[in-house]
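K.L.:
Chain by chain, the residues:
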Amino acid sequence: MPLTSLRHTITQLTGLLLAGLLLFVAPTAFAGDTDPSSPIMVPNPGADLWRAVRQRDGVHLTGQTQVRGVETGVLITQTGEEFRNYRRNDFIGNAGLVIAAAAGVILLFYLIRGRMRIPGGRSGKRIKRFEDFDRTVHWLVAILFIFLALTGLILLFGRFIVLPVFGAEAFGLIASACKEGHNLFGPVFLVSLVLLFLRFVAKNLPARGDLKWLLKGGGMIGKGHVSAGYFNAGEKAWFWGVTVLGLTVSLTGLVLIFPILGQGREVMQLALIVHGLAAVLFIAGSFGHIYIGTLGMEGSLESMTTGYVDEHWAEAHHDRWYAEVKGLSDPTDTGTSDRAASGGLHPTPDKA
Amino acid sequence: MANMKFYCDAERCIECNACVTACKNANEVPWGVNRRRVVTIKDGEPGERSLSVACMHCSDAPCAAVCPVDCFYTTEDGIVLHDKDICIGCGYCFYACPFGAPQFPKAGAFASRGKMDKCTFCAGGPKETGSADEHRMYGANRIAEGKLPLCAEMCATKALLAGDADVVSEIYRKRIINRGASVLNWGVNYDKASLRAPRDMSGKASSEG
Numbered sequence: 001m002p003l004t005s006l007r008h009t010i011t012q013l014t015g016l017l018l019a020g021l022l023l024f025v026a027p028t029a030f031a032g033d034t035d036p037s038s039p040i041m042v043p044n045p046g047a048d049l050w051r052a053v054r055q056r057d058g059v060h061l062t063g064q065t066q067v068r069g070v071e072t073g074v075l076i077t078q079t080g081e082e083f084r085n086y087r088r089n090d091f092i093g094n095a096g097l098v099i100a101a102a103a104g105v106i107l108l109f110y111l112i113r114g115r116m117r118i119p120g121g122r123s124g125k126r127i128k129r130f131e132d133f134d135r136t137v138h139w140l141v142a143i144l145f146i147f148l149a150l151t152g153l154i155l156l157f158g159r160f161i162v163l164p165v166f167g168a169e170a171f172g173l174i175a176s177a178c179k180e181g182h183n184l185f186g187p188v189f190l191v192s193l194v195l196l197f198l199r200f201v202a203k204n205l206p207a208r209g210d211l212k213w214l215l216k217g218g219g220m221i222g223k224g225h226v227s228a229g230y231f232n233a234g235e236k237a238w239f240w241g242v243t244v245l246g247l248t249v250s251l252t253g254l255v256l257i258f259p260i261l262g263q264g265r266e267v268m269q270l271a272l273i274v275h276g277l278a279a280v281l282f283i284a285g286s287f288g289h290i291y292i293g294t295l296g297m298e299g300s301l302e303s304m305t306t307g308y309v310d311e312h313w314a315e316a317h318h319d320r321w322y323a324e325v326k327g328l329s330d331p332t333d334t335g336t337s338d339r340a341a342s343g344g345l346h347p348t349p350d351k352a
Numbered sequence: 353m354a355n356m357k358f359y360c361d362a363e364r365c366i367e368c369n370a371c372v373t374a375c376k377n378a379n380e381v382p383w384g385v386n387r388r389r390v391v392t393i394k395d396g397e398p399g400e401r402s403l404s405v406a407c408m409h410c411s412d413a414p415c416a417a418v419c420p421v422d423c424f425y426t427t428e429d430g431i432v433l434h435d436k437d438i439c440i441g442c443g444y445c446f447y448a449c450p451f452g453a454p455q456f457p458k459a460g461a462f463a464s465r466g467k468m469d470k471c472t473f474c475a476g477g478p479k480e481t482g483s484a485d486e487h488r489m490y491g492a493n494r495i496a497e498g499k500l501p502l503c504a505e506m507c508a509t510k511a512l513l514a515g516d517a518d519v520v521s522e523i524y525r526k527r528i529i530n531r532g533a534s535v536l537n538w539g540v541n542y543d544k545a546s547l548r549a550p551r552d553m554s555g556k557a558s559s560e561g
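So the sequences go chain by chain: A and B.
Each residue of the first sequence is one higher than the last, beginning at 1 in our numbering.
Each residue of the second sequence is one higher than the last, beginning at 353 in our numbering.
Don't take each hint at face value.
[To be verified] Simulated coverage check for chain B against chain A, where a stretch passes if three residues somewhere in it have a Cβ under 8 Å from a Cβ of chain A: (1) 437-450; (2) 478-492; (3) 496-505; (4) 517-526.
[Unchecked claim] Calculated from the model, a selection of chain A residues having no Cβ within reach of chain B, i.e. all distances over 12 Å: (5) A170; (6) F258; (7) G288; (8) G296; (9) T305.
[Said to hold, decoys possible] Pairs of lysine to any residue residues, derived as SDA-like cross-links and limited to a Cα-Cα distance of at most 25 Å, are as follows: (10) B:K499 <-> B:A459; (11) B:K436 <-> A:F258; (12) B:K526 <-> A:H225; (13) B:K376 <-> B:A459; (14) B:K394 <-> B:K436; (15) B:K376 <-> A:V70; (16) B:K394 <-> A:G58; (17) B:K467 <-> A:T79; (18) A:K203 <-> A:H225; (19) B:K510 <-> A:G58.
Honestly, the hints are just simulated from the structure, not real lab data.
Where a beta carbon is used, it is the ideal one built from N, C-alpha and C, also for glycine.
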């Protein structure tokens with residue numbers, strides 16, 4: 001303790017001494033600056049040049065070279081090191097945490113709430129919800145997404161998880177296949193995404209009741225189910241999330257796999273960073289969608305596999321759409337008495 | 353156990369591109385791949401300088417840090433090499449490298465990247481030393497023959513130095529002493545300073561032996 005206080009005093013005294021000296025020295029130093037005959041005051045003429053080559057102080061000096069290509073005249077780039085530090089120190093670990101946390105939240109939710117049953121059980125009567133084309137587009141996007149997510153995750157975490165298990169040679173082969181597959185099906189994913197958007201955008205525009213649905217957390221806050229149309233606000237949010245994240249991932253991906261567009265390294269570093277961030281959010285979000293579509297809610301999966309949903313499911317989760325299909329004017333009319341009489345109003349043939 | 357480094361003396365490089373040609377010849381790299389390039393800064397202006405640049409064989413290589421398949425390794429001589437059997441051609445090393453050293457042959461459709469190629473310090477690769485496979489994939493292995501990289505050996509003005517870092521820096525240190533200690537001689541910038549011969553030409557470091 002006495003040693004540190006002594007050191008502190010010395011530091012303070014040195015500081016004061018230096019400040020005092022500066023008062024005497026500074027005026028003469030600045031006066032001498034204009035005199036080039038004094039060799040001490042002439043700045044090293046090479047210093048500015050090498051600072052510019054080194055891309056310090058925001059100056060980017062580009063040279064000429066015989067080698068053709070993008071940025072071949074740049075001797076040293078500063079951003080490569082930042083990219084490296086971001087990727088190794090910030091991104092990979094946190095990406096793993098976010099994905100693990102998303103899976104953890106889903107698991108916790110399942111353990112607390114369990115599987116949501118269809119209220120009142122299955123009615124045995126079914127309503128058409130998705131056309132064949134709807135389901136084709138959905139599964140095209142879904143299969144491509146799962147493939148791209150898996151190959152992307154292997155490329156991101158493989159060095160730390162897969163490589164130590166299989167060895168460098170085998171992992172090189174796996175990673176090479178992943179990269180080729182990822183780059184081949186990435187552009188196809190963009191096409192499927194455009195199809196998905198065009199097919200579903202009309203039903204996903206914000207509508208009356210969406211805000212209320214969101215405020216009630218889709219029925220998680222408060223009691224009872226919240227009124228919803230063909231798609232509820234949660235589904236709409238996921239649709240727009242898929243659109244924005246999907247386009248972001250696809251477009252940044254195109255920047256990365258086609259190095260003939262004239263893009264420089266800084267653009268590609270940024271593209272890879274954005275690609276990774278969007279992909280991690282996309283994967284984390286997909287857990288929620290996959291959970292609610294399979295394990296989390298009874299009767300959801302069959303809408304995308306068969307195209308039909310149970311009437312009680314439709315009435316519980318999409319009451320306004322249900323009323324529309326049944327030809328009822330207002331969803332508030334769908335009381336218990338209507339359910340009993342609904343057989344007569346049935347507009348679509350029951351294929352159960 | 354050397355620690356191999358390149359150093360290019362900007363006061364000596366005359367932009368003849370012999371190092372580039374020598375490299376291409378020694379390693380028989382494909383079209384579009386340039387392991388070494390000469391960059392001229394301030395071309396045609398006062399203070400023009402040229403530098404030959406390739407992989408600098410970093411002690412803490414950024415390429416190796418970002419490689420998703422960990423295909424880089426450093427030899428006992430401090431040379432950074434990579435295994436093309438493991439490389440997947442993702443391009444991350446190119447993003448991270450400050451010198452633009454990693455090169456990618458346009459292998460696939462729409463010029464997508466093939467396996468990365470870069471300067472090996474003429475030390476071949478992980479294949480059997482001196483084998484045809486090694487030469488085909490990585491180029492010359494002059495280090496195994498006790499020779500330095502051909503680019504530096506070919507340099508007419510001895511601007512490009514290659515070898516153990518201690519030796520290279522010692523040569524450069526002696527050059528600096530010979531050029532004189534005056535800051536006016538630190539890099540000749542014709543618009544800011546005049547060329548002056550060192551006042552005392554005696555005691556040249558290079559004359560010591």
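K.L.:
Run every hint past the structure and note whether it holds.
P.N.:
Consistency of the hints with the structure:
By the rule of at least three residues with a Cβ nearer than 8 Å to a Cβ of chain A, the coverage given for the stretch 437-450 of chain B holds, with 13 such residues. Chain A is given as covering the stretch 478-492 of chain B, and this is violated because 0 residues of the stretch bring a CB closer than 8 Å to a CB of that chain, at least three being needed. Counting residues of the stretch 496-505 of chain B whose CB falls under 8 Å from any CB of chain A gives 0; the rule of at least 3 is not met. Given a C-beta distance limit of less than 8 Å, the hint that chain A covers the stretch 517-526 of chain B is violated, as 0 residues qualify and 3 are needed.
With a least CB separation of 10 Å from chain B, A:A170 falls inside the 12 Å interface cut-off, contrary to its annotation. Separation of A:F258 from chain B is inadequate, the least Cβ-Cβ distance of about 5 Å not exceeding the 12 Å criterion. Its beta-carbon lying about 28 Å from the closest one in chain B, A:G288 satisfies the requirement of being farther than 12 Å from that chain. Interface exclusion of A:G296 from chain B stands, the closest Cβ pair being 33 Å apart, more than 12 Å.
Under the 12 Å C-beta cut-off, the non-interface status given to A:T305 relative to chain B holds; the minimum distance is some 36 Å. For the given pair, B:K499 sits about 32 Å from B:A459 by alpha-carbon distance, which is inconsistent with the 25 Å threshold. Of the pairs offered as hints, the one joining B:K436 and A:F258 holds, with about 21 Å between alpha carbons and a cut-off of 25 Å not exceeded. As the CA atoms of B:K526 and A:H225 are separated by approximately 84 Å, the hinted pair breaks the 25 Å bound.
For a cut-off of 25 Å, the pair hint linking B:K376 to B:A459 stands: about 19 Å separates their Cα positions. Proximity of B:K394 to B:K436 is assessed by CA-CA distance (about 37 Å); at most 25 Å being required, the pair is judged violated. Of the pairs offered as hints, the one joining B:K376 and A:V70 holds, with about 20 Å between alpha carbons and a cut-off of 25 Å not exceeded. The suggested pairing of B:K394 with A:G58 holds, with an alpha-carbon distance near 17 Å, which does not exceed 25 Å.
Restraint check for B:K467 and A:T79: the C-alpha separation of about 23 Å stays at or below 25 Å, so the hint holds. With a C-alpha separation of about 21 Å, the suggested pairing of A:K203 with A:H225 holds against the 25 Å cut-off. A hinted pair counts as satisfied when its Cα atoms are at most 25 Å apart, and B:K510 with A:G58 does not qualify at roughly 32 Å.
Of the numbered hints stated above, those contradicted by the structure are hints 2, 3, 4, 5, 6, 10, 12, 14 and 19, listed in ascending order.
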